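Number of protein chains: 2
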Amino acid sequence: MATENYDKQKTIDLRKKHVGPSCKVFFSHDPIKIVRARGQYMYNEKDEKYLDCINNVAHVGHCHPDVVEAGAKQMELLNTNSRFLHDNLVLYAQRLQATLPEKLSVCYFVNSGSEANDLALRLAWQYTGHKDIITLENAYHGHVSSLIDISPYKFHQMTGAEPSQHVHVAFSPDIYRGKYCEDHPDPATAYAENVKDIIEQAHKKGRKIAAFIAESLQSCGGQVIPPVGYFQKVAQHVRNAGGIFIADEVQVGFGRVGTHFWGFQLQGEDFVPDIVTMGKPIGNGHPMSCVITTREVAESFMSSGMEYFNTFGGNPVSCAIGLAVLDVIEKEDLQRNALHIGGYLTQLLDDLKKRHLLVGDVRGRGLFIGLDLVRNREKRTPATAEAQDVIYRLKEQRILLSADGPHRNVLKFKPPMCFSREDAELVVEKIDQILTDLEKTLGLQMSEAVISENGHTKRKEPSDENGLVHPSNGSSHKHTGTLPLDKKNNKKQKT
Amino acid sequence: MATENYDKQKTIDLRKKHVGPSCKVFFSHDPIKIVRARGQYMYNEKDEKYLDCINNVAHVGHCHPDVVEAGAKQMELLNTNSRFLHDNLVLYAQRLQATLPEKLSVCYFVNSGSEANDLALRLAWQYTGHKDIITLENAYHGHVSSLIDISPYKFHQMTGAEPSQHVHVAFSPDIYRGKYCEDHPDPATAYAENVKDIIEQAHKKGRKIAAFIAESLQSCGGQVIPPVGYFQKVAQHVRNAGGIFIADEVQVGFGRVGTHFWGFQLQGEDFVPDIVTMGKPIGNGHPMSCVITTREVAESFMSSGMEYFNTFGGNPVSCAIGLAVLDVIEKEDLQRNALHIGGYLTQLLDDLKKRHLLVGDVRGRGLFIGLDLVRNREKRTPATAEAQDVIYRLKEQRILLSADGPHRNVLKFKPPMCFSREDAELVVEKIDQILTDLEKTLGLQMSEAVISENGHTKRKEPSDENGLVHPSNGSSHKHTGTLPLDKKNNKKQKT
Numbered sequence: 001m002a003t004e005n006y007d008k009q010k011t012i013d014l015r016k017k018h019v020g021p022s023c024k025v026f027f028s029h030d031p032i033k034i035v036r037a038r039g040q041y042m043y044n045e046k047d048e049k050y051l052d053c054i055n056n057v058a059h060v061g062h063c064h065p066d067v068v069e070a071g072a073k074q075m076e077l078l079n080t081n082s083r084f085l086h087d088n089l090v091l092y093a094q095r096l097q098a099t100l101p102e103k104l105s106v107c108y109f110v111n112s113g114s115e116a117n118d119l120a121l122r123l124a125w126q127y128t129g130h131k132d133i134i135t136l137e138n139a140y141h142g143h144v145s146s147l148i149d150i151s152p153y154k155f156h157q158m159t160g161a162e163p164s165q166h167v168h169v170a171f172s173p174d175i176y177r178g179k180y181c182e183d184h185p186d187p188a189t190a191y192a193e194n195v196k197d198i199i200e201q202a203h204k205k206g207r208k209i210a211a212f213i214a215e216s217l218q219s220c221g222g223q224v225i226p227p228v229g230y231f232q233k234v235a236q237h238v239r240n241a242g243g244i245f246i247a248d249e250v251q252v253g254f255g256r257v258g259t260h261f262w263g264f265q266l267q268g269e270d271f272v273p274d275i276v277t278m279g280k281p282i283g284n285g286h287p288m289s290c291v292i293t294t295r296e297v298a299e300s301f302m303s304s305g306m307e308y309f310n311t312f313g314g315n316p317v318s319c320a321i322g323l324a325v326l327d328v329i330e331k332e333d334l335q336r337n338a339l340h341i342g343g344y345l346t347q348l349l350d351d352l353k354k355r356h357l358l359v360g361d362v363r364g365r366g367l368f369i370g371l372d373l374v375r376n377r378e379k380r381t382p383a384t385a386e387a388q389d390v391i392y393r394l395k396e397q398r399i400l401l402s403a404d405g406p407h408r409n410v411l412k413f414k415p416p417m418c419f420s421r422e423d424a425e426l427v428v429e430k431i432d433q434i435l436t437d438l439e440k441t442l443g444l445q446m447s448e449a450v451i452s453e454n455g456h457t458k459r460k461e462p463s464d465e466n467g468l469v470h471p472s473n474g475s476s477h478k479h480t481g482t483l484p485l486d487k488k489n490n491k492k493q494k495t
Numbered sequence: 001m002a003t004e005n006y007d008k009q010k011t012i013d014l015r016k017k018h019v020g021p022s023c024k025v026f027f028s029h030d031p032i033k034i035v036r037a038r039g040q041y042m043y044n045e046k047d048e049k050y051l052d053c054i055n056n057v058a059h060v061g062h063c064h065p066d067v068v069e070a071g072a073k074q075m076e077l078l079n080t081n082s083r084f085l086h087d088n089l090v091l092y093a094q095r096l097q098a099t100l101p102e103k104l105s106v107c108y109f110v111n112s113g114s115e116a117n118d119l120a121l122r123l124a125w126q127y128t129g130h131k132d133i134i135t136l137e138n139a140y141h142g143h144v145s146s147l148i149d150i151s152p153y154k155f156h157q158m159t160g161a162e163p164s165q166h167v168h169v170a171f172s173p174d175i176y177r178g179k180y181c182e183d184h185p186d187p188a189t190a191y192a193e194n195v196k197d198i199i200e201q202a203h204k205k206g207r208k209i210a211a212f213i214a215e216s217l218q219s220c221g222g223q224v225i226p227p228v229g230y231f232q233k234v235a236q237h238v239r240n241a242g243g244i245f246i247a248d249e250v251q252v253g254f255g256r257v258g259t260h261f262w263g264f265q266l267q268g269e270d271f272v273p274d275i276v277t278m279g280k281p282i283g284n285g286h287p288m289s290c291v292i293t294t295r296e297v298a299e300s301f302m303s304s305g306m307e308y309f310n311t312f313g314g315n316p317v318s319c320a321i322g323l324a325v326l327d328v329i330e331k332e333d334l335q336r337n338a339l340h341i342g343g344y345l346t347q348l349l350d351d352l353k354k355r356h357l358l359v360g361d362v363r364g365r366g367l368f369i370g371l372d373l374v375r376n377r378e379k380r381t382p383a384t385a386e387a388q389d390v391i392y393r394l395k396e397q398r399i400l401l402s403a404d405g406p407h408r409n410v411l412k413f414k415p416p417m418c419f420s421r422e423d424a425e426l427v428v429e430k431i432d433q434i435l436t437d438l439e440k441t442l443g444l445q446m447s448e449a450v451i452s453e454n455g456h457t458k459r460k461e462p463s464d465e466n467g468l469v470h471p472s473n474g475s476s477h478k479h480t481g482t483l484p485l486d487k488k489n490n491k492k493q494k495t
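Line by line, the protein sequences give chains A and B. Each residue of the first sequence is one higher than the one before, starting from 1 at the first, in UniProt numbering. Each residue of the second sequence is one higher than the one before, starting from 1 at the first, in UniProt numbering.
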């Protein structure tokens with residue numbers, strides 16, 4: 001095949017020889033060689049097709065022709081740095097700004113989510129004159145050294161690693177596995193109080209808070225959806241301490257959550273972060289990224305006297321690609337697709353929960369969904385090995401899914417936004433079969449009575465945006481069977 | 001014009017509104033809007049042509065068709081992360097490795113020089129178990145926070161800024177403006193002794209050295225060429241202290257120095273760094289970058305247990321572009337062009353020195369050249385305002401050049417590698433006129449006698465690779481009039 005220079009074994013051998021061993025491949029005992037991709041499908045060297053349920057970078061679909069054309073055309077014309085004026089830069093800044101609350105008006109273009117989050121820290125340090133950062137348990141914000149410091153997901157991989165002195169780790173606002181669960185009367189306030197406590201403790205040590213940083217929905221941390229109101233309350237505590245709020249949208253932005261363009265908007269219109277960072281999906285795979293902040297923060301950064309120059313950031317090619325991505329999201333109504341197909345997929349997974357004891361929790365917004373596998377529903381014991389089994393068996397059936405979270409037991413759905421109803425049905429059908437097999441082996445079978453009782457909840461409790469039910473007074477998660485595609489639900493989804 | 005959406009003033013206004021004010025444009029009082037570029041030429045919105053003498057990112061020439069085609073073709077086919085196997089990644093790693101000493105065999109692909117240098121620090125910290133970094137005066141290694149820490153060029157822009165505790169600043173090995181000049185019997189040893197002293201001081205405080213980092217030739221620092229043997233001696237001191245040597249080739253790599261593919265190779269075959277970082281020219285403008293190190297360092301990094309994943313790094317598009325850049329360098333013999341045209345340009349600038357008192361020093365290797373302007377040759381007083389004047393007047397004549405170094409008085413030449421003899425003649429002719437004007441205004445005129453004496457040196461002293469003469473026992477720099485394109489010189493240049 002023209003797209004292959006070496007046979008697969010040779011590729012593996014050369015990779016072992018010349019690529020850092022810390023750079024892991026998926027399915028290391030039998031990795032996949034991909035030679036082309038289109039939409040939500042990837043093809044290996046034998047032209048076998050894989051359904052991609054994980055690649056949130058290929059946001060508008062792998063190799064989208066409009067994006068490719070925009071990039072190729074601009075590459076032919078000009079690709080230089082932002083010390084020269086260029087319309088693509090300002091057009092793109094305008095377009096991004098228009099998706100955000102008005103006060104988030106000043107952009108910095110960089111090359112990766114890591115560069116974006118590092119710059120966000122620099123902005124916060126300069127603006128506040130403080131040094132300390134509050135981050136969440138299991139958070140991942142990037143691979144440069146300043147971000148490893150604030151990423152428990154990473155630094156906990158090192159033996160005996162402790163957070164740096166200037167880093168404080170707050171509870172993850174996880175109402176399934178966290179300190180305050182769905183049976184708590186007000187988890188948003190309770191989790192925000194934890195941040196307040198941390199601030200007070202830091203102050204007692206003479207330390208000062210520069211920023212609170214969180215993904216708007218935690219991704220690697222286990223597809224965690226913070227309770228509504230949490231960000232507002234945290235922002236208040238942090239701002240009272242002279243700090244600012246950084247919303248990391250690198251994984252979840254650009255319409256993925258369905259009801260809104262940005263994940264933080266799920267918290268309500270009354271919440272506006274001081275800095276928003278974006279990345280992965282922004283260029284559909286092209287290395288680019290952006291930090292957007294307020295005029296006040298930007299001017300304070302300038303007042304340090306230090307120029308900010310990023311060699312590749314905001315070049316005309318990146319901006320042309322960024323503009324094309326925004327165009328495709330609009331033209332193909334991909335945010336709405338995320339809402340509908342995401343809702344449908346959530347519902348199908350929810351149905352799985354009714355039949356499979358291994359499914360502990362289904363949670364998500366739009367096409368950002370987690371399936372939390374457990375060995376024991378009461379204890380919520382993470383079913384780590386089983387989650388690995390599911391993704392390996394799916395891979396054999398040419399479906400790409402991954403498991404993440406601190407226990408690596410949460411199946412993560414974050415497919416290209418063109419994901420279809422049929423794709424959703426296919427992956428859920430396969431998971432259904434695999435869970436059936438696994439439960440048979442484990443002797444975990446649900447009684448008819450339980451299945452019927454689960455079905456019963458359908459008529460009892462209202463569902464939220466994605467058809468999920470979070471009963472406020474029960475200890476277990478229950479979900480309706482209502483399809484989010486019906487009219488009543490669509491209305492709810494818009495609120 | 002189809003390539004312009006807004007008139008220039010509107011672009012400026014929007015940029016003021018939506019782009020971080022720390023992001024400066026060139027010639028801020030009358031910035032340039034560029035809409036297309038080709039080879040070593042850039043064109044503004046009126047289709048007026050500028051000669052580009054500064055853009056070392058557009059290494060093989062702006063918008064080189066081979067590079068554009070390679071990128072466009074691969075974008076159409078596949079652009080995904082390196083958790084899947086792909087031949088481009090291993091092909092590219094092989095090709096890069098082949099340009100380096102054999103022990104530098106393991107690659108990490110990232111998105112920018114900043115990401116590369118940050119990763120180099122992480123590798124050094126993990127491998128050595130030490131924390132401290134020795135950097136050079138006026139060094140610039142990138143914009144992420146860990147690199148601002150080791151970049152005096154940046155942190156000195158902030159009022160009252162001092163280096164962090166773990167950062168030690170060594171003398172810049174600058175034999176024109178540094179502590180030990182060309183009249184010193186052995187500046188290489190003397191500058192290396194300074195590093196040794198720093199290590200000893202650090203040890204006295206109980207601190208331990210992780211790495212010494214330096215650009216192979218200092219760029220922003222003022223186009224500084226370290227004396228041959230300096231790196232070897234520094235490496236010995238640093239390795240004796242358990243640290244490693246990081247060569248930053250972000251600005252100067254990929255054949256620019258003419259005689260060699262990498263700048264550090266100018267130090268001799270007996271010098272091999274432990275880590276080499278590359279960036280800017282690597283993708284001719286595409287955001288990509290690489291860190292190459294030894295098997296030992298890479299395995300130690302892996303042993304921490306922390307995976308290294310870079311979302312965009314090493315994607316098939318970046319690798320296709322990287323491969324195309326290497327192909328063009330070879331096919332068009334651009335390293336040799338850098339040697340010859342760089343030598344010729346150096347010679348022309350050298351001739352300027354004979355006629356203009358404002359020229360204090362001409363130094364360079366290949367197409368990496370600095371023209372150090374001075375108000376007083378004896379005192380070597382930096383002619384900062386005059387350097388600014390030169391670049392502004394050149395701009396009016398549509399020639400792009402910049403001034404850098406700690407005093408912003410060094411005119412920096414680092415043009416696309418396809419720079420021609422005619423380009424060299426044009427820029428030097430214009431500088432000649434401008435210097436004549438400036439000297440007239442300043443009342444700085446060289447006597448006929450001096451011009452004749454300068455000419456006289458031609459027959460007295462041998463020239464080095466680029467036709468430069470560094471007399472070992474004089475206090476002033478003198479240069480031959482010998483063209484480096486003649487046979488004898490070409491031979492010398494190969495050594």
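Since the hints were derived computationally from the structure, they do not count as laboratory data. Be careful, since some hints might not be right.
Because identical chains cannot be distinguished in the list, a pair is counted as satisfied if it fits within a single copy or across any two copies.
Unchecked claim - Below, a list of computed lysine-lysine pairs in the BS3-like style, where the Cα atoms sit at most 27 Å apart:
#	residue 1	residue 2
1	K49	K430
2	K8	K46
3	K131	K205
4	K24	K196
5	K8	K73
6	K331	K73
Bear in mind the structure is a predicted one, so any value in this text is a computation, not a measurement.
Evaluated hints:
no.: 1; hint: K49 / K430; verdict: within (16 Å within a copy, 60 Å between copies)
no.: 2; hint: K8 / K46; verdict: within (10 Å within a copy, 51 Å between copies)
no.: 3; hint: K131 / K205; verdict: both (13 Å within a copy, 25 Å between copies)
no.: 4; hint: K24 / K196; verdict: neither (38 Å within a copy, 38 Å between copies)
no.: 5; hint: K8 / K73; verdict: between (33 Å within a copy, 22 Å between copies)
no.: 6; hint: K331 / K73; verdict: both (20 Å within a copy, 24 Å between copies)
Going down the numbered hints, you'll see the structure goes against just number 4.
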